[in-house]
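Here is what each chain is made of, one letter per residue.
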Amino acid sequence: MLRPGHVIALAVLALLALGTVMVASAGMRVAPLGVDGYSTEGVTLNSIVLSRNSAYTAAALVLLLIASRLPVRALATLACPAETTTGQGETRSWFHPASGLALWAGIVIALAVLLAMVYAPVVGKTVNGSSRWVGVGSFSFQPSEVAKWALVAAIAWYGVVRGPVLRHFFAGLLPVAIGAGLLVGLVAIEDLGTGVLMGAVVGVMLLAAGAKLWHLALFVPPAAAAVFLLIATSAYRARRILAFLDPFAYPETHGYHMIQSMIAIANGHGTGRGLGNGLQKFGYLPEDRTDFLFAVICEEIGLLGALIVASLYAAILLAAVRIVSRERSAMLQLFGVGVAATIGLQALINMVVVTGLGPTKGIALPLLSAGGTGWMLTAACLGVLIAMDRAQAHESSPEPSPDLCDEEDTLWGQQASVA
Amino acid sequence: MRTTGTLRFVVVLVLMGMGAVVARVAQLQLMTPEALVAYMPDRESTHAVEGYRGDLSDRVGRLVATSRMGYRVFVDPVELDRLESKQPGTIDETIVKLAEALGEPSGKIGGRIVEGLIENHRRESSGPLVVATEPTGGLGVLLEALRARAQTEEAEASDTGLALRRYLVVSGVLKPHELAAVERLGLPGVHLERRAVREYPGGELMASIVGKVGFEQTGLLGAERLLDRELQASDGRVRYVRDAWGRPLWIERGAIQQPTHGSDVRLSIDLEVQRIALEELTRGVEEADAAGGRVVVADPLTGEIIAMADVYRHVPDLSAYPWQPADNRDEWPVPIRRYTTLPDDFARLEHPALGRSRCVEDVYEPGSTFKPIVWSLLTEAGCAVPEDKIDTESGRWRTSYGRGIEDVTKRAEMTWLQVLENSSNIGMVKIGERMSGRDLRSGVLRFGFGSRTGTKLPGEATGIVTTDKSWNKYTHTSVSFGHEISVTPVQMVRAYCALVRTGDLTGTMPSLRMTAPHTADPANAIVERIIGGDVAAQARLAMREVGRKVESRMKDEEPPGGWRYPMLGKSGTAEIPLGKAPDGFRRPRGARGYFEDQYNSSFVAAAPAAEPRLVAIIVIDDPGPGRIRARSHYGSAVAGPVVRRVLERSLHYLGVPPSRETPALAVR
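The listed protein sequences derive, respectively, from chains E and F.
The first sequence lines up with residues 112 to 530 when you count with this note's numbering.
The second sequence lines up with residues 677 to 1344 when you count with this note's numbering.
Keep in mind the hints are simulated off the structure, nothing from the lab.
Glycine residues also receive a C-beta, built at the ideal position from the N, C-alpha and C atoms.
A few of these clues could be false.
[To be verified] Facing chain F, a subset of chain E residues (Cβ under 10 angstroms, in silico): (1) Leu161; (2) Val257; (3) Val307; (4) Ala311; (5) Leu329; (6) Phe330; (7) Val331; (8) Pro333; (9) Ala335; (10) Val420; (11) Ser422; (12) Val432; (13) Ile460; (14) Thr484; (15) Met487; (16) Leu488.
[Claimed, not checked] Sample of chain F residues at the chain E side, in silico, Cβ under 8 angstroms: (17) Thr679; (18) Glu710; (19) Ala711; (20) Val736; (21) Ala920; (22) Arg923.
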């Protein structure tokens, strides 16, 4: 019987494989020999296997494997020792609520510093007018990508530690809202799309953790105002909105990207032009290897490609629902919600943007768009879900021995005794 | 459970969203919106593969028109502008270097380039999508969007959105060393363009026959136009898919269209005969102090034109004819002077190929050269037999309606054959009266007058034969000795073919042609025998006598052993008609319809007399007053020797076996 964890592992493998091939396909270029010192031999099996993305795929799979082997229950208990297995009802924590708040503040500050590094003189990098990258030498990453997943973990932790008071606006919700709002705001200044995504995920997680819906609703107007402000003060964002409303009014300027993306999709004509035979990737469609890879997939593999991609994400999400619903650890449950919501919403936003149903946003398609850290972190987080599934499998094994504790209990017991 | 429920809710939302996305993809792919289709260009470029225009050669394969590939220089002003903004001074440097390479003053090239740059700046500044200041902030953008839309609508109304010029030709076709110099420079923004160039190795000798092609290698004049269908090449095409920078990616199946090269065509002209004819004509015109001359040499058996040329000669003291204003009714005697009879051909001065081809386009009155045609028609109809004795009234006679007719050779009596030999007007008119006007006219038409000869050369004239309705006794009399009819030299040559063809073809007439016959385009079928073989033989007999008289006057030029190719023919001398008065003017009162004492002297001949292989005509336009005073302006005196020389030299060159007449045969 295929367990949800297996489904996730297979879906991740399929997405990464498709991503590696499609990124290679989208990367095809006319490169005459010897013009710039080195020459490409074209896209071959060899070139795909030896590509940078294959290395990232391998790294992502290794991380997935490692994460899936983590003793997640034990780690969850470690992070939150008094956590009950359900996360509901009476809970007692050795954490004083105030110490929980202090730790939360510490996490927020640490992440804020990380995000602020993009403005730092040496390590910060500005690409396409946005400061999103931090890098030293050839190694670089987006702090927002790290912050995105770190925030998911932090909210999961907060949701459990301060779960009982979360239903109170000032004691529970406001501190987390202020902290998360600060981080989301920092991200949104440079990368509105990721900011909106993070905000939505935080909202979903807090709701799942027990915050009241109308309390959360109070944050919607200020968030909306902030988004409007960000649009109103930035020319390129406003242009993107205009272009979304009527791309054909600006075919040569701001509407260009959206039109080219839609042309790429339309070029598929149902059956697709055939793998590698896409046209738009030859300089017509910008960001074809990254944020707009879905358009290339639709052009080359057609409707089938779109269905495959959507199905793979759906498989991951449905498996995640299964795992989360069976999970006993409240913190892991919340973490699972965060991971699933992040992947699902990010994929949806990307596909909506690429198909011209929403304004152009620089947001990657998880596990498909070319990218190193993104793939690895996403795969690692999904690995945690697989680990949860493994733990559940142990619990529901046909011959539960009353003598034997759960693996993580044993582990924890040992560690506790050591302590 | 709250947690799972929330996640379920989010997942359902996301899945619905993805369903919408897949539906959107299906919509874009299967039912592409019209608005998008308009922006879905074929990512293809086309590369033309030149087809070569066919060559023209003379009848033995000497090239007279051929194509080669040449290069010219063009610049891209947009690229130059960009380079200039990167590194000031680039444009100046480009101009100076380019001018040096082309060996032209830099001002000329520079002027053209700067003009192009200025034009581009003008177009740029009138473009609709110019924003003076880059707005900051989103609200500014929204306002700008509204403004821009208003501007666009305005611009669409006035439609000034001109594309920038990126193609500015700055040189003609380069010579090899210029090409090498430009290539060596390798200046950015300066490009070479391949172009087919038509070369005419035939030079001026053939210019008026070969004609000329236009800029797009289409025949505009002469044989280039006449044979355009065969010569025309069509360019091939390769369509290739390109990337955003225009670099070729691949070629789709069926996207290569091979060029079709034009066929090579052989003209009927022989370059050497053409040279001989032109040389002799020029000499004859010079000797006659004439204003011009024309020559046509044809093969009577096939109708091929072997040579055809016309010349102009500058005569210093010509005056313009004194046309009178239309309202001037005064009697005003026209002073006898030498007037301009040949209007200047300014196009010919521009380029020899542009001139009028006077052998096919310009008509003249044939005069006595027309007599063999009328003579054979009358003989064929039985109006007279060659031995009939005719009273030629000692050279002075009045017709029944009182028109005075004179002969140059004044005799009391001639046989019908001698009438032709001595060119007796009286004899011709007298026997001519035995035929009805309708019959004479239809006979003249059967000889091909009033219709084109089949050369298909552009602008060929049909000549004028008086209509049945206007055909009166004056006409009848005039036509009998070759007046009141206008013909072209090629028409005369064709009509004489019927007289000089021997054997089975005798009495028939070919269509004339400018190309050598080949299987796809065979020689002309015999349409009609116009005159019987015996009549033609009799006419030749008389014409041989005319030829002999010309030869006898050229004793000093006669080759040892006599002329290799005895000539037969007929001379003609006719006054030049005034033609139509210019608009708003009229003929001076009392003036006849002719230039006084200005003539067209012509001679139509064929040789060798026993079995003619070439027929030729020489027309000397307006022999000088000196010749007229010396009474040596007649066709037999000014045109006869020329045609004699042309035939002798041409036949010799063509390798026709000499057929000298033995003295015994020459005695009649």
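Tested hints:
1. For Leu161/E, the shortest C-beta to C-beta distance to chain F is roughly 23 angstroms, which exceeds 10 angstroms, and the interface hint is violated.
2. Against a cut-off of 10 angstroms between C-beta atoms, the interface hint on Val257/E is violated, since the closest Cβ of chain F lies about 23 angstroms away.
3. Taking 10 angstroms as the C-beta contact cut-off toward chain F, the hint placing Val307/E at the interface is violated, the least distance being around 14 angstroms.
4. Nearest Cβ of chain F to the Cβ of Ala311/E: about 9 angstroms, under the 10 angstroms cut. The hint holds.
5. At a threshold of 10 angstroms, the smallest CB-CB gap from Leu329/E to chain F is about 18 angstroms, leaving the interface hint violated.
6. For Phe330/E, the suggested interface contact is broken, since its CB lies about 16 angstroms from the closest CB of chain F, more than 10 angstroms.
7. With a least beta-carbon distance of about 16 angstroms to chain F, the hint placing Val331/E at the interface is violated under the 10 angstroms criterion.
8. For Pro333/E, the interface hint is violated, the least distance from its beta-carbon to any beta-carbon of chain F being 18 angstroms, above 10 angstroms.
9. Violation of the interface hint for Ala335/E is found here, the shortest Cβ-Cβ separation to chain F being roughly 15 angstroms, above the 10 angstroms cut-off.
10. Taking 10 angstroms as the C-beta cut-off, the interface hint given for Val420/E holds, the closest approach to chain F being about 9 angstroms.
11. For Ser422/E, the suggested interface contact is upheld, since its CB lies about 9 angstroms from the closest CB of chain F, less than 10 angstroms.
12. Taking 10 angstroms as the C-beta contact cut-off toward chain F, the hint placing Val432/E at the interface holds, the least distance being around 5 angstroms.
13. Because the closest C-beta pair between Ile460/E and chain F is about 9 angstroms apart, less than 10 angstroms, the hint holds.
14. This hint is violated: Thr484/E has a C-beta 23 angstroms from the nearest C-beta of chain F, more than the 10 angstroms allowed.
15. Using the Cβ-Cβ criterion of 10 angstroms, the hint placing Met487/E at the interface with chain F is not satisfied: the shortest such distance is roughly 23 angstroms.
16. Nearest Cβ of chain F to the Cβ of Leu488/E: about 20 angstroms, over the 10 angstroms cut. The hint is violated.
17. Hint status for Thr679/F relative to chain E: holds, with the closest Cβ pair at about 4 angstroms, below 8 angstroms.
18. Of the supplied interface hints, the one on Glu710/F is violated, with its beta-carbon coming no nearer than about 10 angstroms to a beta-carbon of chain E, more than 8 angstroms.
19. For Ala711/F, the interface hint holds, since its Cβ comes within 8 angstroms of a Cβ in chain E; the closest pair sits about 5 angstroms apart.
20. The criterion of a C-beta within 8 angstroms of any C-beta in chain E is not met by Val736/F, whose closest approach is roughly 50 angstroms, and the hint is violated.
21. Contact between Ala920/F and chain E, as hinted, is supported at the beta carbon level, the nearest pair being about 3 angstroms apart and thus within 8 angstroms.
22. Annotation: interface hint on Arg923/F holds; nearest CB of chain E at approximately 4 angstroms, less than 8 angstroms.
The structure shown violates the earlier hints numbered 1, 2, 3, 5, 6, 7, 8, 9, 14, 15, 16, 18 and 20.
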